[in-house]
Each structure stands twice: as C-alpha cells, then as structure tokens.
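*Asks:* Given only the sequences and the hints, what does the whole structure look like? Please build it.
Chain by chain, the residues:
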Amino acid sequence: MGLSITLTINGARRAITLDDPRVTLLDLLRERLDLTGTKKGCDRGQCGACTVLLDGRRVNSCLALALSHDGADIVTIEGVAPGGQLHPVQAAFIAHDGFQCGFCTPGQIMSAIGMIREGQNWGSGAGDDPERVREAMSGNLCRCGAYVGITEAVLDAQRAIAEASRRDAA
Amino acid sequence: MNRFEYARPATLAEAVAAGAVPGAAYLAGGTNLMDLMKGGVMHPGHLVDISRLPGLDRIEWLSDGGVRIGALVRNADLAHETKFARQFPAVAEALLSGASAQLRNAATVGGNLLQRTRCAYFYDTASACNKRNPGAGCDAVGGENRLHAILGWSEHCIATNPSDFCVPLTALDAVVELQGPAGRRAIPLETFHLLPGSTPERETMMQQGELITAVCLPAEAARFAGNARYLKIRERTSYAFAVVSAAAALRLDGETIVEARIALGGVALKPWRPRTAEAMLAGARPDPAVFNRAAETALAGAKASGDNAFKIELARRIVVRALALAAAGTPERVPALPASPFAGAITHA
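Sequence order for the protein chains is Y and Z.
Counting in my numbering, the first sequence runs from 9 upward without gaps.
Counting in my numbering, the second sequence runs from 894 upward without gaps.
Please keep in mind that the hints were generated in silico from the structure rather than gathered at the bench.
Among the clues, some could well be false.
Here are some, though not all, of the chain Y residues that point toward chain Z, as calculated from beta-carbon distances under 8 Å [said to hold, decoys possible]:
{"no.": "1", "residue": "Thr59"}
{"no.": "2", "residue": "Val67"}
{"no.": "3", "residue": "Met123"}
Where is the CB? At the ideal position from N, CA and C, for every residue including glycine.
*Replies:* See the structure below:
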C-alpha cells in the first residue's frame, strides 16, 4: 500500500514517505522532519504540549495519525514568526512572563493563536473576560504554573491582534 | 501500538464493506481510538479511515424543523453553529463542557457516541476487565470505584459512559442513523447504548461493519430552547469528565410545566433518562418542592457499586439544580464556564 503523503508545513509543501502507518503527526514533525519545537508531553491528548494548527484549527498532534491528514496544511511554532518578527502572541508571552521552564510554551502559543482565530471565525471570542480565556486554554497544562501570566498574555495578544486588524481595515 | 492495515475508502459502501472485516475499526477524529491503541487497550488489525467520506460533515435543517447532524461534524463546529446553539442550547453547552478546545476541534459527533468508558481498570491492561476480556472479571468491583456507576450496573461491570453530548441528546429524543452491510436503520439514542448485564463487551446496538452516518433531533426538541440547561460536576472546573451531570429541559406555559425532560450523565453505562420523574413534572409548578420530588424519583433505583454512595445524593441534588436553572431560563450566551455550578461565582484576585 502507498504510504506517501503530501503536507504543507509552515507554508512549504513536503512530500513524505512513511515506512509505518502508525506514525503520528507529532512524531513525523519531531523525529522525521526535525521540527522539534512541537513538544511531546503526555503523548495521549491530555497536556496540549503538541498543539499545532491543522488546516487552521488547533489540535493535539499526538492523536493525529499522519496518514489520515494527507494534503493538510500544518502550522507549527517554527512557522509563526516568518522573517524573525515575533508573532503578537509570542511577544505577549515574553512581556507577561507567560512561562517558566518553557516546555509547554510552543503548545500554549499555538493554542492561543488557534483560540484567537476561533473567536474571529465563530464569534465565540473571549473578549476581555479572563474566565473565558482560562476555559478556552484549559487544554494546555503548565506544570510551572505560569497560568496568570499566560492569561494576561493571551488577553493582551488578542487586543493587539484586534487593533492591528482594525488599522488594516481603516 | 499494534501494527495495522490502513485503508481510506472513498465511498460509504466501500467503508461499510471494509469495516465488516473482523478486527476492523473505523477512524474518524481519532481522539479516543488513538489513545486506546497507544495504551494497548484496542488493537484493530485494520484501520478504516472514514474521516473524508463525502456528505457526512453537514448540519442539515429538515423541512419539518428537525436537524440532521452528519456523523463527521466536529464537536466544536456543532457547538458554535449559531442556529443549532439557539435551538438546542443544552446540547451546545454540553459539547462545550467536554474535553478541551483542541479535542473538540478533532472529535466528531459519531465518535462521541462511540467513545469508550474512562474506567481506569478498562484502560489498565494489567487489570481484569470484562469489557476488554470477556469473562476475565472486574477489578473495579472492590477497587478504586468512587466514580463508578450507581444505576443499571451489574456485578460484571460498574463502569460509566463518559459522554456529555449524549446526555441532552437523550433527553431530547435524538435518533442515531446507521448504515451497515444489511442497509440503513435508525435507533433512538435512549436505546442505542446497552447496560452491562452479563455481556459488558457489548456496548451499543451496532453490528460489525455498521457505521453511524448521522444523529437527528426532532423539531419538538427545539420547543425547550428557552428553558434548557446542562449541569456537570467535575473534579476540576474545566477539561474533566463528569462525576455526575444532568440535562434538564422544560416547556412552560406561564407558571405551569407542560413537559419536562431529564437525563443524567456519569451515573450509568448509558445516558440515563428517568421518564417517571419527567412525567411527575407535567402539569406541576416549577418550584423546589416539585423538583425535589422528581429528583427523588429519578434516583429511586440507585445503588452504590462501591465507594460511591455519595454520587446518589449528588445526582439527586444536580437534578434539582439543573431543573431550577432550566426554569430560570436559558442564558443569552453559553456561560464562560460551560455547565459549571461555579459559573459566575469564581473570582481570581
């Protein structure tokens, strides 16, 4: 059977041949494409460290079978700051100390980017309600307990992104 | 994870044929199946990827006012579909109270109905489990079982069904559409999941090769839209399974209940619909004494299966509270903490 797939990863098309159908999207990224920014925490969909955008939506890449996503568009933490310009969510995590050890941070940032996008698409945004941000980010665990800074960072990044899109529209 | 043959059939007919092979499992969102395969709990020899089957990812409004939800609709997409959330608010609230945003983006409607129990002994392959290994016994009996069933259990299995989504769906008379080798059929969700009896390995009415194609809600279910809630007690406020949950929906005419619907989650191996309690509410006034009597009736047959007698009283109180919330009216927007008893009550300095 053909185990060849094509994925667009951070804007670049990649033709990939798998030698085993069991490879998850997470293992493909880390072990075969050397994109180690996406972290393997629990590997069971419980911690969110492996969060990536799959066709624009945040998912746990540890529970996604790579073969099942032939043709998909994937964005990982390596793809959010083209040209070295920090993404507003990255900048906000730094400004608000949204991390300590940093292991969960790529997943947190990808999840926050996905969350802000969901708000724009579904009108389900958190607005300026920290409770809604905490709820929307509850799929990302931080064992250092940087949650206060993470919540502030996400709220701040959301404001910055909304402001930038208002400026663009004007 | 075991090795498997992977196939991605292009049509429903091909999928049904591929899925009818013994040892085959369907893969859609994969959020439960991949986890179970990684843990060695499930080891299908054939994985039939149905995630791209055409036509199953739509929410269709029927001419009679009902809705047909394709089995591949993502949990998040359904919960955020404006018309759906307005007509079936308790279903949207239940969906948003389940799992995490990442999981809701991947998990499908059909997969939610077929998710396996979260009983730790089912997950631990070193433990005896009659579901995993029929006849092996049940280590949950006499084990760590404070979260286990209080209704409909047997000495062979005391596990619970973990779904939130199925709870209001059951209260609202949802119907499951199946396609199989012998054709199409429809089964009320209330009878779709099976109680354990002496065959806990049989979990639903489905046969090998059958595939869920849709879940339908009748037009009558939307009549409860103004007074429908889902309430869920968890050990964490977010991203946790229910210890006990309840959906409550009322149709009111002034100060009289015309019709009531109740279903309980986390208490049995299926969503539990206490129809006698529902019937008691028809014609009554929506007040605490009436709700208390209905809740007593709903839990009348409950029995602890271990260290979980507290769940009987908890479930009774959750029914009362869910009914009171429903009577107070569906909120304009799903609360910041969906289905939480703490909604609006927690402040963080």
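*Asks:* Does each hint fit the structure? Answer for all of them.
*Replies:* Hint-by-hint comparison with the structure:
1. Thr59: Where the cut-off is 8 Å and the nearest Cβ of chain Z is about 6 Å from threonine 59/Y, the hint holds.
2. Val67: holds (5 Å)
3. Met123: Holds, about 6 Å.
In the structure shown, no violation is registered for any of the earlier numbered hints.
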